[in-house]
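Peer 1: Residue-level listing of the chains:
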Amino acid sequence: MIEIENVRKSFGQLEVLKGINLTVKKGEVVTVIGGSGSGKSTLLTCINGLEPIASGKVMIDGTDVHAKSTDLNKLRQKVGIVFQQWNAFPHLTVLENVMLAPRKVLGMSKQKAEEIAVKQLTHVGLGEKLSVYPNRMSGGQQQRMAIARALAMSPEYMLFDEVTSALDPMLVGEVLDTLRMLASEGMTMICVTHEMKFAREVSDRVAFFHQGVMAEIAAPEQLFDAPEHAETKKFLAATH
Amino acid sequence: MFHYTFHWNQALKALPQMLDGALVTLQIALLSMAIGLAVAIALTLFRLSGSRILGALATAWIEVARNTPALFQIYMAHFGLGNFGIHLSPFTSLLVGIAFNNAGYLAENFRGALKAIPDTQARAGRSLGMTSLQAFRLIVMPQMLRVAFLPVTNQMVWAILMTSLGVTVGMNTDLAGITQELNARSFRTFEFFAIAAVIYYVIAKAVTLAARAFASRMFRY
Ligand SMILES: Nc1ncnc2c1ncn2[C@@H]1O[C@H](COP(=O)(O)OP(=O)(O)OP(=O)(O)O)[C@@H](O)[C@H]1O
Ligand SMILES: [Mg+2]
Numbered sequence: 001m002i003e004i005e006n007v008r009k010s011f012g013q014l015e016v017l018k019g020i021n022l023t024v025k026k027g028e029v030v031t032v033i034g035g036s037g038s039g040k041s042t043l044l045t046c047i048n049g050l051e052p053i054a055s056g057k058v059m060i061d062g063t064d065v066h067a068k069s070t071d072l073n074k075l076r077q078k079v080g081i082v083f084q085q086w087n088a089f090p091h092l093t094v095l096e097n098v099m100l101a102p103r104k105v106l107g108m109s110k111q112k113a114e115e116i117a118v119k120q121l122t123h124v125g126l127g128e129k130l131s132v133y134p135n136r137m138s139g140g141q142q143q144r145m146a147i148a149r150a151l152a153m154s155p156e157y158m159l160f161d162e163v164t165s166a167l168d169p170m171l172v173g174e175v176l177d178t179l180r181m182l183a184s185e186g187m188t189m190i191c192v193t194h195e196m197k198f199a200r201e202v203s204d205r206v207a208f209f210h211q212g213v214m215a216e217i218a219a220p221e222q223l224f225d226a227p228e229h230a231e232t233k234k235f236l237a238a239t240h
Numbered sequence: 001m002f003h004y005t006f007h008w009n010q011a012l013k014a015l016p017q018m019l020d021g022a023l024v025t026l027q028i029a030l031l032s033m034a035i036g037l038a039v040a041i042a043l044t045l046f047r048l049s050g051s052r053i054l055g056a057l058a059t060a061w062i063e064v065a066r067n068t069p070a071l072f073q074i075y076m077a078h079f080g081l082g083n084f085g086i087h088l089s090p091f092t093s094l095l096v097g098i099a100f101n102n103a104g105y106l107a108e109n110f111r112g113a114l115k116a117i118p119d120t121q122a123r124a125g126r127s128l129g130m131t132s133l134q135a136f137r138l139i140v141m142p143q144m145l146r147v148a149f150l151p152v153t154n155q156m157v158w159a160i161l162m163t164s165l166g167v168t169v170g171m172n173t174d175l176a177g178i179t180q181e182l183n184a185r186s187f188r189t190f191e192f193f194a195i196a197a198v199i200y201y202v203i204a205k206a207v208t209l210a211a212r213a214f215a216s217r218m219f220r221y
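Protein chains in written order, with UniProt numbering: chain E, 1 to 240; chain S, 1 to 221.
Errors might be hidden in some of the hints.
[To be verified] With the C-beta cut set under 7 Å, the calculated list includes, among others, these residues of chain S facing chain E:
(1) THR120
(2) GLN134
(3) GLN143
Everything labelled a hint here was simulated from the structure, so no lab data went into it.
Cβ coordinates follow ideal geometry from the N, Cα and C atoms, glycine included.
Take these sequences, add in the hints, and give me the full structure.
Peer 2: Encoded structure:
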């Protein structure tokens, strides 16, 4: 379970998160929508401790992410994150990209890591690309590789930050299909997205962010068809 | 015109001796590069560490290495440290001096190379549970070495040529040292130094070509 309690975060003078409360239960899929600069990405990086917070608390299965005593490297093995820019490691083949962390972080044997990497890559439809270098692949393929790389750590939670935003429209579908598959397998996920149709389909709940505040959170039918907050209405009207 | 008759025979007879010297030259150059690379990576980490003291130390090293004559750096290793009771052999002081110089230049090259590698690479590593050192070693450093490969090769050539400064601290077993001694005995200056120059040239070229071949095997992406 991810419990976010009254989290505040500033960059200099700018308060980017103004007291966020959100609990995500095991197996739940929560999507986060909202305008540019509303704090969606920042929230994700605060969840896995890539960014410190000013006040409040993020608890993951009872572990306080921002406590001094918390081993963040250990915690991050449990919480995968995939970014808009897929960040393939260009000097490694697709297979090596996915094997790296299981080997070096989890200390797996080469065989075991390879077995898991092949399984995950096949799962996301890249079973034929094992020995290819990332720069020989399309953005969509690289993004799916990044997803497989995160999954190879057997995370219990996955955070996705606009993973289709940097892709050609043609390639968005294949990545969304991968996310749908994960959701249907019961992965606990928080997805920041601009794909409203996708959000409506996969989400248990949709959260709307506005200027650092979670203005509204509800089941997708509720949020999309009968939004309560004026800003949600405005945002949805603009994106439709 | 000029009153100098060439005596190539005498010089060519000394060729085996000079080639032995060339091996010593190559040995110093390779060792100084190995040490220089290791120290340059350490200096790069110092700079990235966020520690003021380590960062200042790295900057000072790089500034001195790049803005003072290599000859002084070798002198310092030999006579300078000698003043403090640390007496290094000509071989060692030459090695230390060149390694010091290499480290400074290489660290500066690495700094430039790092600019070409987005921060998101290390971040991606961290988010897979790597420590910052692991992310550097496994993700950032291999890419940095590739970007900096050409300047690293240039520094290697420079290191070979710098070994000739060893004569100033009494080095007499490397190519320059041996050539200098042969010259002192025979006064066939032109012949000996011409042959030495050719040997330096051949070593430098061979190293450049070897580096290129190595790169094309290593960097397949
Ligand atoms: N590292 C940083 N340093 C300073 N300001 C930052 C930093 N990261 C984000 N910000 C600022 O914080 C605010 C929220 O950024 P964030 O990336 O969380 O927004 P977002 O909702 O993800 O937007 P987008 O939809 O454009 O990705 C923005 O005003 C942004 O400029
Ligand atoms: Mg964002």
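Peer 1: For each hint, tell me whether it holds in the structure or not.
Peer 2: Going down the list of hints, with the structure as the test:
Because the smallest distance between the Cβ of S:THR120 and any Cβ of chain E comes to about 5 Å, under 7 Å, the interface hint for this residue holds. Nearest Cβ of chain E to the Cβ of S:GLN134: about 6 Å, under the 7 Å cut. The hint holds. Among the interface hints, the one on S:GLN143 holds; its C-beta lies about 6 Å from the nearest C-beta in chain E, closer than the 7 Å criterion.
When held up to the earlier numbered hints, the structure conflicts with none and fits them all.
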